[in-house]
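Note that the protein sequences, when read in sequence, are chains A and B. The opening position of the first sequence corresponds to residue 1 in my numbering, with each subsequent residue numbered one higher. The opening position of the second sequence corresponds to residue 311 in my numbering, with each subsequent residue numbered one higher.
It is possible that part of the hints are untrue.
On the chain A side, residues computed to face chain B include the following (Cβ under 8 Å) [claimed, not checked]: (1) 43; (2) 44; (3) 48; (4) 55; (5) 61; (6) 64; (7) 91; (8) 149; (9) 182; (10) 183; (11) 186; (12) 236; (13) 302; (14) 306.
If you're looking for bench data, these hints aren't it; they were derived computationally from the structure. The model shown is predicted, which means the values in this text are computed figures rather than measured ones. Virtual Cβ for every residue (Gly too), placed ideally from N, Cα, C.
Spelled out, the chains give:
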Amino acid sequence: MNNISQRDAFLNKLYGIAKVDRNIVLVSADMGAPALDKIRRDLSSQYVGVGIAEQQAIVLASGLALGGKKVFAYAIAPFITLRCYEQIRIDLAGMNIPVTLVGVGAGFSYEDSGPTHHAVEDLSIMRILPNLRVHTITDSVMAAAFAELSCKAHYPNYVRLDRETLPTIYSEGDDFSSGMARLRDGKELCIVATGNMVHRALDVADELAKHSVDVGVLDVYTLPINDTVFLNTIDNAQKIVTLEEQTLRGGFGSSIIEVLSDNNRFVPIKRFGLDFKTAYCYKYGGRKNIQLLYGLDTQSITNAILDWVK
Amino acid sequence: MILNKIEELEKKAKYIRNQVLDMCCKAGTGHVNSAFSCTEILVALYYADILRYNPQNPDWEERDRFILSKGQASVILYPILADLGFFSEDELNRFNQSDGIFGVHLQHDVPGAEITSGSLGHGFGIATGLALAAKMNMQSHLIFALLGDGECYEGSIWEAAMFASHNRLNNMIAIVDRNHLCVTDFTENIVELEPFAEKWRTFGWRVVTINGHSFEAILGALSGFRSRKFAQPLMIIADTVKGKGINFLCDAPLWHGLAPAGQQAIDAKNELNKDME
Numbered sequence: 001m002n003n004i005s006q007r008d009a010f011l012n013k014l015y016g017i018a019k020v021d022r023n024i025v026l027v028s029a030d031m032g033a034p035a036l037d038k039i040r041r042d043l044s045s046q047y048v049g050v051g052i053a054e055q056q057a058i059v060l061a062s063g064l065a066l067g068g069k070k071v072f073a074y075a076i077a078p079f080i081t082l083r084c085y086e087q088i089r090i091d092l093a094g095m096n097i098p099v100t101l102v103g104v105g106a107g108f109s110y111e112d113s114g115p116t117h118h119a120v121e122d123l124s125i126m127r128i129l130p131n132l133r134v135h136t137i138t139d140s141v142m143a144a145a146f147a148e149l150s151c152k153a154h155y156p157n158y159v160r161l162d163r164e165t166l167p168t169i170y171s172e173g174d175d176f177s178s179g180m181a182r183l184r185d186g187k188e189l190c191i192v193a194t195g196n197m198v199h200r201a202l203d204v205a206d207e208l209a210k211h212s213v214d215v216g217v218l219d220v221y222t223l224p225i226n227d228t229v230f231l232n233t234i235d236n237a238q239k240i241v242t243l244e245e246q247t248l249r250g251g252f253g254s255s256i257i258e259v260l261s262d263n264n265r266f267v268p269i270k271r272f273g274l275d276f277k278t279a280y281c282y283k284y285g286g287r288k289n290i291q292l293l294y295g296l297d298t299q300s301i302t303n304a305i306l307d308w309v310k
Numbered sequence: 311m312i313l314n315k316i317e318e319l320e321k322k323a324k325y326i327r328n329q330v331l332d333m334c335c336k337a338g339t340g341h342v343n344s345a346f347s348c349t350e351i352l353v354a355l356y357y358a359d360i361l362r363y364n365p366q367n368p369d370w371e372e373r374d375r376f377i378l379s380k381g382q383a384s385v386i387l388y389p390i391l392a393d394l395g396f397f398s399e400d401e402l403n404r405f406n407q408s409d410g411i412f413g414v415h416l417q418h419d420v421p422g423a424e425i426t427s428g429s430l431g432h433g434f435g436i437a438t439g440l441a442l443a444a445k446m447n448m449q450s451h452l453i454f455a456l457l458g459d460g461e462c463y464e465g466s467i468w469e470a471a472m473f474a475s476h477n478r479l480n481n482m483i484a485i486v487d488r489n490h491l492c493v494t495d496f497t498e499n500i501v502e503l504e505p506f507a508e509k510w511r512t513f514g515w516r517v518v519t520i521n522g523h524s525f526e527a528i529l530g531a532l533s534g535f536r537s538r539k540f541a542q543p544l545m546i547i548a549d550t551v552k553g554k555g556i557n558f559l560c561d562a563p564l565w566h567g568l569a570p571a572g573q574q575a576i577d578a579k580n581e582l583n584k585d586m587e
């Protein structure tokens, strides 16, 4: 699945499933993509457009699901979460209705579009909703797998897709049920990352290895975290670093701190993400440039970790 | 339970209003006047052979779905569901109590209730999803939704209204309890809703305006409702009085969400039964 976007991998997989399972319905808030157009064209009775109306997308999806349908609601990440948050809270989480929200554009994916299109708080606000699970997708293999897993879910899901076509890490057939995967072993330090930042974590681990720092990398793609699996997976890491393209307040790193604290595991932890005061980014020049501005590039993170561990 | 005569329906409305008042006065809370403006509407739906339901099997697949979008009026629905046998009438005495199964706003796990509702502008949209699912599944049941007029300030109502008419959801019947009153003031003083019927017509709905306290008018508006002669969904604007049945509650803004207490509770009970006789 190299050279295919997470969006296309997800929608192509969903297309194949929906051709067989005619109970699947895709609700779209005026989104366009070739893979989506295929569903609209070939499976028109299973495609519902609501216009640019995300609140309606959620309540409609709720009603369709109560009426027996397996529903996916699809839009740009900040719009399918923040715009219609109360509908998600009361109708999906509150009644535990199994609808899958699919948000394209995790983090700074829409790097050219400014803060209206950045999804830098969605993980924070979605992960706190009871019943709902958040999946931040790492590569296209995982994207396709979650299209399939979501069809079987008995709870609401939010799938965060990155817009960037990222290298493939996983293999078809991998089991994603635990919500996390150890990608690299290392005792001295464990980098825990999610989504786009998993790829950065692997680069940073390579750099740190050159400085003889023994670094593990853990990809946590499902929140809430399975505490038991997480604690077993980090093993006896002496220090933990978290990486995210999110505001640090209440975000991914915070969720890691919560798990450690709740389980009396007091490990020194350093979080990398977006400073609360400057998280709304009005800078451009590509995603890598934006990440550089926030100190989320490989060199900045490597240097900061070296300063911390040495 | 089917009541064929107007007098029987009026008697049932009186009984239900008494149940609401007793329940709310005992608990010291509940939206009494919001319930009293839509009493005849709910009694007509549940007792005049309009809605299809099965108290012994609340999740019966072929039931009509009644969506109480104005969830603050749940205190009118609960006594009706208890009276019909969806759950024990003892539950009304446990309203808002530690051992009870429901509080002020509608919740989906009460037998006979379809959704959780309390924040406004949600249920109506859910109804559009239920209506579309029924069409996709080739099912013949109907979707009813009761909205408050104040609820129609929510933009989500109009997103759903556009969607329903565009998709020809003629298996959907919405009723607005047009009691003209919000929490603090009359709607026309806050932000004008009028021309209200015209707004709905412009959004593609077939609109009927009636006296919402007249059983003849309510049943007349619903005449032949299963035949689906029209492509558009049906909107019934029911002109009502908030607090109907008790004079000091009528059209009194600051009574929103409150239950009478002390001497006022006694006065309310006396007046309700005197006026309705």
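May I ask which of the numbered hints given earlier this structure violates, with the numbers listed in increasing order? 1, 2, 8, 9, 10, 11, 12, 13, 14
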